[in-house]
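Student: Using the sequences plus the hints, can you model the full thing?
Next come the chains, spelled out residue by residue.
2 protein chains.
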Amino acid sequence: MYSIGKKAIIASNNKINSKSKNKVLNQYIKLIKKNKNLIIKKNNEDVKLAIKRKLKSNLIDRLTINQKKINNICNAIKNVIKLQDPTDVTLKKWKRPNKLLIKKISIPLGVVGVIFESRPNVTSDVSCLCFKSGNAVILRGGSEALNSNKILVFLFRKALKQNKIDPNYVQLIEKRERNYVNFMLSGMFKYIDVIIPRGGKGLVKKVQKLSKVPTIGHLEGICHTYIDKDADLKMAIKVVHNAKLRNTSICGATETILIHKKILKKFCNPILNKLAINNCKIIGDKYLKKYYTGKIFLATEKDWSTEYLSAIVSVRCVNNLESAIGHINKYGTMHTDSIITKNKNSANKFLKSVKSSIAIHNSSTQFADGGEFGFGGEVGISTNKIPPRGPVGLEQLVSYKYEVLGQGQIRK
Amino acid sequence: MYSIGKKAIIASNNKINSKSKNKVLNQYIKLIKKNKNLIIKKNNEDVKLAIKRKLKSNLIDRLTINQKKINNICNAIKNVIKLQDPTDVTLKKWKRPNKLLIKKISIPLGVVGVIFESRPNVTSDVSCLCFKSGNAVILRGGSEALNSNKILVFLFRKALKQNKIDPNYVQLIEKRERNYVNFMLSGMFKYIDVIIPRGGKGLVKKVQKLSKVPTIGHLEGICHTYIDKDADLKMAIKVVHNAKLRNTSICGATETILIHKKILKKFCNPILNKLAINNCKIIGDKYLKKYYTGKIFLATEKDWSTEYLSAIVSVRCVNNLESAIGHINKYGTMHTDSIITKNKNSANKFLKSVKSSIAIHNSSTQFADGGEFGFGGEVGISTNKIPPRGPVGLEQLVSYKYEVLGQGQIRK
Chain S
1 MYSIGKKAII
11 ASNNKINSKS
21 KNKVLNQYIK
31 LIKKNKNLII
41 KKNNEDVKLA
51 IKRKLKSNLI
61 DRLTINQKKI
71 NNICNAIKNV
81 IKLQDPTDVT
91 LKKWKRPNKL
101 LIKKISIPLG
111 VVGVIFESRP
121 NVTSDVSCLC
131 FKSGNAVILR
141 GGSEALNSNK
151 ILVFLFRKAL
161 KQNKIDPNYV
171 QLIEKRERNY
181 VNFMLSGMFK
191 YIDVIIPRGG
201 KGLVKKVQKL
211 SKVPTIGHLE
221 GICHTYIDKD
231 ADLKMAIKVV
241 HNAKLRNTSI
251 CGATETILIH
261 KKILKKFCNP
271 ILNKLAINNC
281 KIIGDKYLKK
291 YYTGKIFLAT
301 EKDWSTEYLS
311 AIVSVRCVNN
321 LESAIGHINK
331 YGTMHTDSII
341 TKNKNSANKF
351 LKSVKSSIAI
361 HNSSTQFADG
371 GEFGFGGEVG
381 ISTNKIPPRG
391 PVGLEQLVSY
401 KYEVLGQGQI
411 RK
Chain V
1 MYSIGKKAII
11 ASNNKINSKS
21 KNKVLNQYIK
31 LIKKNKNLII
41 KKNNEDVKLA
51 IKRKLKSNLI
61 DRLTINQKKI
71 NNICNAIKNV
81 IKLQDPTDVT
91 LKKWKRPNKL
101 LIKKISIPLG
111 VVGVIFESRP
121 NVTSDVSCLC
131 FKSGNAVILR
141 GGSEALNSNK
151 ILVFLFRKAL
161 KQNKIDPNYV
171 QLIEKRERNY
181 VNFMLSGMFK
191 YIDVIIPRGG
201 KGLVKKVQKL
211 SKVPTIGHLE
221 GICHTYIDKD
231 ADLKMAIKVV
241 HNAKLRNTSI
251 CGATETILIH
261 KKILKKFCNP
271 ILNKLAINNC
281 KIIGDKYLKK
291 YYTGKIFLAT
301 EKDWSTEYLS
311 AIVSVRCVNN
321 LESAIGHINK
331 YGTMHTDSII
341 TKNKNSANKF
351 LKSVKSSIAI
361 HNSSTQFADG
371 GEFGFGGEVG
381 ISTNKIPPRG
391 PVGLEQLVSY
401 KYEVLGQGQI
411 RK
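Protein sequence lines, in the order shown, are assigned to chains S and V. Mapping the first sequence onto the working numbering, position 220 (from 1) lands on 220, and the numbers just tick up by one. Mapping the second sequence onto the working numbering, position 247 (from 1) lands on 247, and the numbers just tick up by one.
Read the hints as simulated data drawn from the structure, not as lab findings. Heads up, some of the hints might be wrong.
Copies of the same chain are indistinguishable here, so a pair counts whether it falls within one copy or spans any two.
Simulated pairs of lysine-lysine, DSSO-like, Cα-Cα distance not exceeding 30 Å [claimed, not checked]:
#1 K161 with K349
#2 K15 with K295
#3 K355 with K261
#4 K401 with K234
#5 K92 with K344
Remember, predicted model here, so these are calculated numbers, not experimental data.
Tutor: Structure representation (structure tokens):
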């Protein structure tokens with residue numbers, strides 16, 4: 001097991017230029033297309049086992065690879081090919097009075113460990129992003145997707161070998177035992193620079209607790225949409241509907257709606273009815289109960305810190321902008337929060353005061369996504385206080401060094 | 001103790017504009033000057049106790065505050081006042097095809113914990129840098145400097161109060177017990193965003209091991225100067241002398257000299273003699289022993305990973321540039337390493353290949369310093385793989401958030 005870490009470091013020590021990186025990624029697409037039947041066959045072994053083990057249908061959906069998913073995988077790789085190589089970029093340079101020229105240059109992080117659950121497309125997505133940013137990657141996928149992950153990693157390594165590049169840029173831990181996750185988090189920490197957990201709350205919590213190296217990710221996305229007293233009603237209805245219901249299972253989905261008390265009476269019915277007729281369960285505080293005419297459940301304290309990840313929303317009346325900000329900073333998870341208002345001062349105060357990684361004005365929280373940000377993909381969304389924060393794409397998978405160019409200068 | 005953490009968060013939630021920040025810092029200078037006798041008196045209590053406890057004379061030197069040190073403290077604060085406020089800066093902005101405007105904005109990290117040893121000037125230096133970057137700071141100084149730290153923190157808090165700013169922007173843990181350090185590292189981790197250890201290897205090791213939040217710093221600075229076969233002899237003599245002996249106790253001091261075998265015979269005597277006549281002890285490998293005519297001790301494997309922090313240097317003959325890079329990446333600590341050569345290709349290869357946070361061409365490793373980089377001060381030098389790396393000044397004490405400005409956009 002240690003040897004996987006050592007091999008990753010050795011691989012990552014070889015600098016690869018952008019052209020070679022893209023050649024590998026193009027070759028990977030070719031190999032995936034050529035071996036699509038094999039991939040689907042291997043994936044089918046996983047799916048059969050999952051059905052036998054009675055996994056939930058949504059997990060089996062995520063696990064299944066079909067022709068459409070293979071196309072998606074290939075398109076995601078094409079996107080990564082199009083992106084600028086984020087390494088060896090001069091981020092800044094300046095000259096000191098003593099004529100020393102100092103350059104701040106982007107470099108790979110080194111070795112990235114990724115621990116993820118059922119979706120095998122994470123294997124290719126994350127491998128491509130890590131490889132293009134010059135990082136070696138050690139993958140530990142869910143045991144239920146082992147055969148799918150094995151073939152996808154095998155093909156990436158083949159593409160590397162065919163281009164005479166150390167295949168250990170991409171390695172998969174193939175053991176099914178759970179204690180290998182623990183080992184990756186603690187025993188291997190000397191070899192891994194950053195851990196990215198991708199999966200449910202249980203996994204992320206475990207990784208954040210046990211990891212001895214920095215983790216990039218988020219535990220929960222308790223996202224809010226705040227309807228200000230100066231909001232446009234039509235916009236509020238449209239944006240809230242999208243923020244809550246477009247996809248309820250993503251981390252950027254709104255979980256709590258905050259409504260300013262001044263417009264509560266007028267706004268709550270049209271906004272919440274639009275959700276209710278689309279089968280969203282409404283949980284509201286006592287003020288909502290007073291004015292909302294549809295079916296409503298009374299919220300408890302616990303609702304404000306619950307990530308439903310389904311068609312359920314909690315709704316609270318707030319006295320003013322400050323109360324909304326206070327609520328978000330108390331119950332939120334520094335993920336993504338939005339304000340709907342025509343008042344620019346209120347919007348500005350909100351954007352500056354919420355501790356969210358992504359603060360939004362007049363738009364849907366569902367835009368919390370590397371693709372939507374133009375990053376061409378993401379390994380996840382980070383709610384850490386220290387960088388990287390928000391969507392973590394190619395440009396966030398790098399670190400930097402200083403190159404100092406002199407002509408014999410000595411320090412006084 | 002928890003309350004210190006809570007108070008720090010509450011303080012840091014108040015945004016302060018640059019003008020007010022500078023007013024506080026100017027007031028702090030005034031209060032230090034006005035109370036200089038009191039500061040020296042309080043410091044004297046610490047010094048007396050230290051003498052009684054038979055602390056080493058270099059530690060007592062570091063501890064002592066005199067008129068000159070007060071001037072230095074005030075000048076350091078003046079430097080921080082001159083620096084641009086690093087927060088609320090638009091680091092990047094771009095528009096998406098759907099007209100969403102995305103801005104990446106710098107924000108404070110939040111609450112910074114600083115654990116440091118004897119030097120009381122760290123109290124004012126670090127407090128000023130943290131405050132100007134919008135961070136609340138919790139200080140835990142060495143017990144031997146408690147009275148000095150108390151008065152310096154008292155005056156900063158006074159300057160804050162006089163400007164109607166929450167004094168809990170700067171707090172000092174006044175208990176002498178060591179277990180408060182442990183508590184700060186583990187129990188208080190919910191309230192602290194980043195820990196900065198400043199002090200000896202023992203302290204830093206402990207902090208890095210126990211801290212549940214990211215730490216910014218370095219354990220050791222095993223810095224190298226590599227004399228390439230294409231080096232200019234005069235430059236090599238001058239730069240090596242400065243890199244090793246200008247100040248042997250700083251982390252950027254060179255600990256190992258690597259010399260290309262082709263020029264070993266010609267270069268080793270003039271370079272090492274210059275060190276030896278300045279009382280530097282030479283520890284060399286067997287090739288050095290063969291050619292160097294001065295007094296030399298035979299190096300053991302352990303010497304290559306020893307940070308002497310004194311007038312001792314280890315010297316090794318290397319076969320070529322690649323061996324030099326290999327040695328540095330094996331024994332170095334990713335701090336600061338320099339190459340002396342007239343060959344631009346060799347220089348470039350070296351700069352790109354060493355894993356150092358700071359890679360230098362034709363200049364002294366002693367330039368590893370926030371002041372020398374033009375950062376106007378530093379809280380330390382980080383050898384982490386993830387940012388911040390290298391000297392950590394004002395601009396490195398911030399994080400960022402995304403502000404997304406829309407006109408009712410919804411995600412498809």
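Student: Which of the stated hints cannot be reconciled with the structure, identified by number in ascending sequence?
Tutor: 2
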